[in-house]
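These protein sequence lines are chains R and E, in that order. Under numbering that gives the first Met the number 0, think of the first position of the first sequence as 0, with each following residue one higher. Under numbering that gives the first Met the number 0, think of the first position of the second sequence as 0, with each following residue one higher.
Quick caveat, the hints were computed from the structure, so don't treat them as lab data. One or more of the hints may lead you astray.
A pair holds if it fits inside one copy or across any two, identical chains being indistinguishable in the list.
Straight line, CA to CA, 20 angstroms or less: simulated SDA-like cross-link-like pairs of lysine to any residue [said to hold, decoys possible]:
1. 45 to 5
2. 92 to 6
3. 16 to 72
4. 30 to 58
5. 45 to 85
6. 45 to 87
7. 92 to 48
8. 22 to 41
9. 45 to 20
10. 22 to 11
11. 16 to 45
12. 16 to 61
13. 16 to 28
14. 30 to 67
15. 10 to 45
16. 16 to 71
17. 76 to 87
18. 92 to 3
19. 10 to 31
Residues per chain, in single letters:
Number of protein chains: 2
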Amino acid sequence: MLKVVAQFFIKNGEVEKALTLAKTLVLETRKENGCVSYELCQSLGKDTHIVFIEEWESQAALDAHFQAPHFVDLVPKLQAMTEREAVITAFNKVM
Amino acid sequence: MLKVVAQFFIKNGEVEKALTLAKTLVLETRKENGCVSYELCQSLGKDTHIVFIEEWESQAALDAHFQAPHFVDLVPKLQAMTEREAVITAFNKVM
Chain R
0 MLKVVAQFFI KNGEVEKALT LAKTLVLETR KENGCVSYEL CQSLGKDTHI VFIEEWESQA
60 ALDAHFQAPH FVDLVPKLQA MTEREAVITA FNKVM
Chain E
0 MLKVVAQFFI KNGEVEKALT LAKTLVLETR KENGCVSYEL CQSLGKDTHI VFIEEWESQA
60 ALDAHFQAPH FVDLVPKLQA MTEREAVITA FNKVM
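Isolated chain R, as found in the complex (with noise of 0.2 angstroms):
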């Protein structure tokens, strides 16, 4: 099983309009195959600081999640609203 942690840094000003398209964002994503979870998670520290925490049933539900076309959209104009470049680090899951 694989994890996924992808923490994006939004803009000052910027923070509801990301919460909206990240929201809808998890709806289409949990409809994938493969996919166990997809949480939206904000810093308690930062309000700028957001986090996908993802499980996928194997790389290959990955992969074609980077192909849906939700993704395809909604991605880029998520990443127009960072301030700096997303950390987004895969992990195999012990247990």
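Since the structure of chain R is already known, use the hints to place chain E on it.
This is chain E only, laid out in the frame that chain R set:
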């Protein structure tokens, strides 16, 4: 609901020992009140990069975790195996 992403950067040569200790920490922590989930993951790109992805019912449950005997015993031992400071971020689960 609170999510915590706790990233540890283990020294080369200490990974197996760190994982063994981390697995014990997972098993004990999952017994705690207010622990919704507590997962151990290892970066696909760098096996020295491990992360606990945690979910807690409340801040009070998380605060109690920091006082739990297994936490007080095992976390300093894990930290002694790291090459740099852990990166621990607490998040509010938006959805």
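Verification of the hints:
1. 45 to 5: both (16 angstroms within a copy, 16 angstroms between copies)
2. 92 to 6: both (18 angstroms within a copy, 14 angstroms between copies)
3. 16 to 72: within (15 angstroms within a copy, 43 angstroms between copies)
4. 30 to 58: within (17 angstroms within a copy, 31 angstroms between copies)
5. 45 to 85: both (15 angstroms within a copy, 18 angstroms between copies)
6. 45 to 87: both (18 angstroms within a copy, 13 angstroms between copies)
7. 92 to 48: For residue 92 and residue 48, the Cα distance is within 20 angstroms only across copies (12 angstroms; inside one copy 24 angstroms).
8. 22 to 41: Result: close within a single copy only, 12 angstroms intra versus 27 angstroms inter.
9. 45 to 20: within (19 angstroms within a copy, 31 angstroms between copies)
10. 22 to 11: Classified as within: same-chain Cα gap 18 angstroms, cross-chain 39 angstroms, threshold 20 angstroms.
11. 16 to 45: within (16 angstroms within a copy, 34 angstroms between copies)
12. 16 to 61: neither (26 angstroms within a copy, 30 angstroms between copies)
13. 16 to 28: For residue 16 and residue 28, only the intra-copy Cα distance (18 angstroms) is at most 20 angstroms; the inter-copy one is 36 angstroms.
14. 30 to 67: within (11 angstroms within a copy, 38 angstroms between copies)
15. 10 to 45: For residue 10 and residue 45, the Cα distance is within 20 angstroms only inside one copy (11 angstroms; across copies 30 angstroms).
16. 16 to 71: within (18 angstroms within a copy, 41 angstroms between copies)
17. 76 to 87: within (17 angstroms within a copy, 28 angstroms between copies)
18. 92 to 3: both (10 angstroms within a copy, 16 angstroms between copies)
19. 10 to 31: neither (29 angstroms within a copy, 37 angstroms between copies)
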